[in-house]
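Following UniProt numbering, the numbering of the sequence shown begins with 1 at its first residue and continues without gaps.
Simulated from the structure, these hints should not be mistaken for laboratory data. Worth double-checking, as some hints may not be accurate.
[Claimed, not checked] FRET-style restraints, in silico, Cβ to Cβ:
no.: 1; residue 1: Lys114; residue 2: Glu80; range: 16 to 22 Å
no.: 2; residue 1: Asp105; residue 2: Thr142; range: 32 to 38 Å
no.: 3; residue 1: Leu23; residue 2: Gly149; range: 19 to 25 Å
no.: 4; residue 1: Gly55; residue 2: Thr182; range: 32 to 38 Å
[To be verified] Each computed SDA-like pair below joins lysine to any residue, with the alpha-carbon atoms no more than 20 Å apart:
no.: 5; residue 1: Lys114; residue 2: Gln166
no.: 6; residue 1: Lys33; residue 2: Thr3
no.: 7; residue 1: Lys33; residue 2: Ala45
no.: 8; residue 1: Lys114; residue 2: Thr182
no.: 9; residue 1: Lys114; residue 2: Arg26
no.: 10; residue 1: Lys33; residue 2: Leu113
no.: 11; residue 1: Lys146; residue 2: Asp103
no.: 12; residue 1: Lys33; residue 2: Gly78
no.: 13; residue 1: Lys33; residue 2: Asp83
no.: 14; residue 1: Lys114; residue 2: Glu80
no.: 15; residue 1: Lys146; residue 2: Thr126
no.: 16; residue 1: Lys114; residue 2: Gln135
no.: 17; residue 1: Lys146; residue 2: Leu113
no.: 18; residue 1: Lys114; residue 2: Thr126
no.: 19; residue 1: Lys33; residue 2: Thr150
no.: 20; residue 1: Lys114; residue 2: Leu147
no.: 21; residue 1: Lys146; residue 2: Asp116
no.: 22; residue 1: Lys33; residue 2: Phe4
no.: 23; residue 1: Lys146; residue 2: Met95
no.: 24; residue 1: Lys33; residue 2: Leu23
no.: 25; residue 1: Lys114; residue 2: Ala45
no.: 26; residue 1: Lys33; residue 2: Ala88
no.: 27; residue 1: Lys33; residue 2: Glu53
no.: 28; residue 1: Lys114; residue 2: Ala85
no.: 29; residue 1: Lys114; residue 2: Thr150
no.: 30; residue 1: Lys146; residue 2: Asp108
no.: 31; residue 1: Lys114; residue 2: Leu70
no.: 32; residue 1: Lys33; residue 2: Glu80
no.: 33; residue 1: Lys146; residue 2: Ile127
no.: 34; residue 1: Lys146; residue 2: Thr182
Beta carbons are placed, not taken as given, at the ideal position from N, Cα and C, and that holds for glycine.
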Amino acid sequence: MTTFPRFYPIFDSADWLRRALPLGVRLVQVRIKDMPPPLLMGELALCQELCREHGATLVVNDHWRAAIDLGCDFVHLGQEDLDRADVAAIRRAGMRLGVSTHDHDELDRALALKPDYIALGPVWPTILKKMKWDQQGLERVTEWRKLVGTTPLVAIGGVTPERALQAFAAGADIASAVTDITLNPDPEGRIREWLRVTQ
């Protein structure tokens, strides 16, 4: 089983990476929505450059074609993204793949792709985006742990440093956070707290 850092923040710009990477973040997803393609390519290229400077792994959300063109090495796809993505092309490019799941059908679909990690969410209520799923809860994390075998399991949705420890105890390998950092009055301090808890 591939070993990943246990803390996996998600940001929407290179500006956030400039703040997080120097603190010791070594696995980060960039989720950019609604940006014109030329600007998107420039932003993703900058994110890739920053991650390489800091020895961090960059995961590109959704934009798999751009990720291939830029020579990135990791892409994350949600279930709707999977409907449009050419997974064979992603694999031919030598890229690693993470997949979001919310129910058993989605999990079966994801596992058939032999992803490099499976994400489960929202484990707790989240304000990031409207979800058709209720919170999954720690029991679902434990269930997913058994079903995914040795595939790394990411807990996402309403996760805080304190809840991350509960998610790890329930079977998650990695905890992911968005608004717990980006809406915090002291994002750098919160990132340091995350790193202390997840080392």
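task: Enumerate the violated hints, using their earlier numbering and listing them in ascending order.
output: Numbers 2, 3, 4, 5, 6, 8, 9, 10, 15, 16, 18, 19, 22, 23, 24, 25, 26, 27, 31, 33, 34 - these are the hints that the structure violates, sorted from lowest upward.
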